[in-house]
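J.: Each chain, written out:
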Amino acid sequence: MRAVRFFIHLFSPQESNNHKARAIHTSSLTFLILAIFLYQIGLEILPHVGVRVLGYAANISPDEVIRLTNEKRLANGLSPVTLNPLLSQAAQAKGADMLNKDYWAHVSPDGIEPWKFFKDEGYSYHYAGENLARDFSNPASVVDAWIASKSHRDNLLSPKYKEIGIAVVEGDLSGVDTTLVIQFFGTKFEAILPPKPVSQLNVEPAILPTIKEPSFILKSSTTLAKESGPVLISPFTSTKKISLVLILSLTVIFFIDWLIVTRKGVYRVGGKPLAHIGFLGMIVAIVLIAKGGQIL
Amino acid sequence: MRKFFSDIFHYLSLFIVFILAFSSFRFFPFDRFMQVGICVATSASYIVWGIVHHAIHRDLSLSVILEYIVIGSLGLVVTFSLILRA
Numbered sequence: 001m002r003a004v005r006f007f008i009h010l011f012s013p014q015e016s017n018n019h020k021a022r023a024i025h026t027s028s029l030t031f032l033i034l035a036i037f038l039y040q041i042g043l044e045i046l047p048h049v050g051v052r053v054l055g056y057a058a059n060i061s062p063d064e065v066i067r068l069t070n071e072k073r074l075a076n077g078l079s080p081v082t083l084n085p086l087l088s089q090a091a092q093a094k095g096a097d098m099l100n101k102d103y104w105a106h107v108s109p110d111g112i113e114p115w116k117f118f119k120d121e122g123y124s125y126h127y128a129g130e131n132l133a134r135d136f137s138n139p140a141s142v143v144d145a146w147i148a149s150k151s152h153r154d155n156l157l158s159p160k161y162k163e164i165g166i167a168v169v170e171g172d173l174s175g176v177d178t179t180l181v182i183q184f185f186g187t188k189f190e191a192i193l194p195p196k197p198v199s200q201l202n203v204e205p206a207i208l209p210t211i212k213e214p215s216f217i218l219k220s221s222t223t224l225a226k227e228s229g230p231v232l233i234s235p236f237t238s239t240k241k242i243s244l245v246l247i248l249s250l251t252v253i254f255f256i257d258w259l260i261v262t263r264k265g266v267y268r269v270g271g272k273p274l275a276h277i278g279f280l281g282m283i284v285a286i287v288l289i290a291k292g293g294q295i296l
Numbered sequence: 001m002r003k004f005f006s007d008i009f010h011y012l013s014l015f016i017v018f019i020l021a022f023s024s025f026r027f028f029p030f031d032r033f034m035q036v037g038i039c040v041a042t043s044a045s046y047i048v049w050g051i052v053h054h055a056i057h058r059d060l061s062l063s064v065i066l067e068y069i070v071i072g073s074l075g076l077v078v079t080f081s082l083i084l085r086a
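As they're listed, the protein sequences go chains L and C.
When the letters of the first sequence are read in order and numbered with my numbering, they come out as residues 1 to 296.
When the letters of the second sequence are read in order and numbered with my numbering, they come out as residues 1 to 86.
Bound conformation, chain C alone (with noise of 0.2 angstroms):
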């Protein structure tokens, strides 16, 4: 926990992405393609987050970068599941 709050600048960062993606997104409710455009920034946003905070932490592996991408695409995966059976 003593590691969350010196990392808060870190998550705060990350929080800002989320609020502003699920913002956008509901400002665009119709809207297939920024919708898309949304969730793909979003995810990418995420893993690059990821990586730079481990590197940051120096404790960047393959199997992180791994992790980061496939929960990245799970969202992905749901998101472009849903907005293309809307």
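So that you can see chain L by itself, here it is in the shape it has in the complex (with noise of 0.2 angstroms):
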């Protein structure tokens, strides 16, 4: 009967609690605040204690980025470019280097930039890009988000390219399961130029990066192999899923409030409850249209 009557108390406005479902209150609200910062404090804490977390469940095939790219090629009008597997090795060497070093960047913390990637398989280019992509779950939306960045769409829809490699990296990131996507465009110097002499080989190609500053270097060196203990728990997921739950249970309860106060016809001091379900709806909305995955 006590819990009762405490869940009325928290979920539908009485005198109880000054004709105000309690859950609702501004102290409650701060208290739900207070609470997502401590989650998002303790998913950020959990690799550090060895609890291993997941960045996103990917099912990611070369083939199929290859495949969805150049159907965005033709269908711009230009020619599709081949897989040359030097330029996959290349990826490959580049996506490790990522995982070893842990770092999300065009640019290694040493200073390494792609192209020596490139150079250290033997492909001598004309031109070169790169684009990288993180916790994505599947090829199609890597290649939409690629698309949807004006800087990575020039790298992928740029006519001086023919060549194409991409590799697909599982690894421990700072802690996080992550799946990096590495895709490197290139032409090779014969590709473009006519027969020359050898000395004339050595100029400084023209170079196409998608080189941005990374938008963070994360700390931890260790890689999936070298982990132990079982995945737990992925944030950007368990975020999402919290937050609807969250929100959606807010905008519930201030429309039955709103119901209840207008049907009694109480007036009390206080915001109005149709903005504030307004406002959550919005909220709802953009957790819903959320795309996990990063770009660089």
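Hints were generated in silico from the structure; no laboratory data involved.
Computed from a predicted structure; not experimentally measured.
Careful, some of the hints might be misleading.
[As the list claims (entries may be wrong)] Here are some, though not all, of the chain L residues that point toward chain C, as calculated from beta-carbon distances under 7 angstroms: (1) Leu29; (2) Gly42; (3) Ala148; (4) Ser151.
Glycine included, every Cβ here is placed at the ideal spot set by N, Cα and C.
Take the two lone chains and join them into the complex the hints point to.
T.: Below you can see the structure in the form of structure tokens.
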């Protein structure tokens, strides 16, 4: 009986809660904000206490990424790029470097640019480009994300590139089980130049990279193979689910509160429930369309 | 409900802000900087709307302002935790 009374006190406006459901009192909402903060801090701490967290459960086939890339190029009147195994090996080396040195950037913390991986594999380029993606669940969302970003789109739809290499690398970045997609574009010297004396081939080529400042550089340098213990939680997915449940519940409570107060004709000093419902509804819509994954 | 219809233009302006915010968020699916900016601007607009609305109705008080600030902050915390986790 006491539990029922508390439940009503929590979710329905009545005298005991000053005619406003306790769950939507300013103090309760402040408590919720703190709880979300604590949850996020907890997710940050987990990898440091040995619990692996999952970036995204990915199923990305390199062939499918190439097929979708060429589909976009053909749709834009461009010739398709052909797979060059050297570029794929270079992309693989870049991915391994990112996991080993634990960074998410075009340039490694020790200053190694992507082009070094091209040269290491013996790919002598005239044009070269790189697109990066992480934590996407399927190839279509990766390519769509690149197309949605102007600089990546320019790379993907550049008529200068003739060849492509893709690597999908899975491992641990800062305690998060992550899937990296490395897309290398290139055009060899010999593909665009008439035969010239060897000495002229060493001229520095024009490069069209998608280079930006690293958004962040991760600290830990462990890889998946070195880690032990089960993968416990996906930060993005769990945050999304919890946010949805939380905000939807609040929206329903505000709506019930508004209905009861309006029917009873209670006058109270406070914000407008309909405005709150509209705002929370918009937050729910934003949470629903929020997409996981990052591109660089 | 009668009060709602008398304030229809107030609510309409708020609705337009929400539609614009949602559309902009959708338009920049992987641009964190823009998404954060959209969320901050929308929450700020919502708080300002609440203050102006209650000031017009002459029932503005500290508790009302706090209520809008807390709900606006809740929206910000939820969207930030998602955007920065993506």
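J.: All hints are to be evaluated individually against the structure, with a verdict given for each.
T.: Hint check:
no. : hint   : in the structure
1   : Leu29  : holds, 5 angstroms
2   : Gly42  : violated, 12 angstroms
3   : Ala148 : holds, 5 angstroms
4   : Ser151 : violated, 11 angstroms
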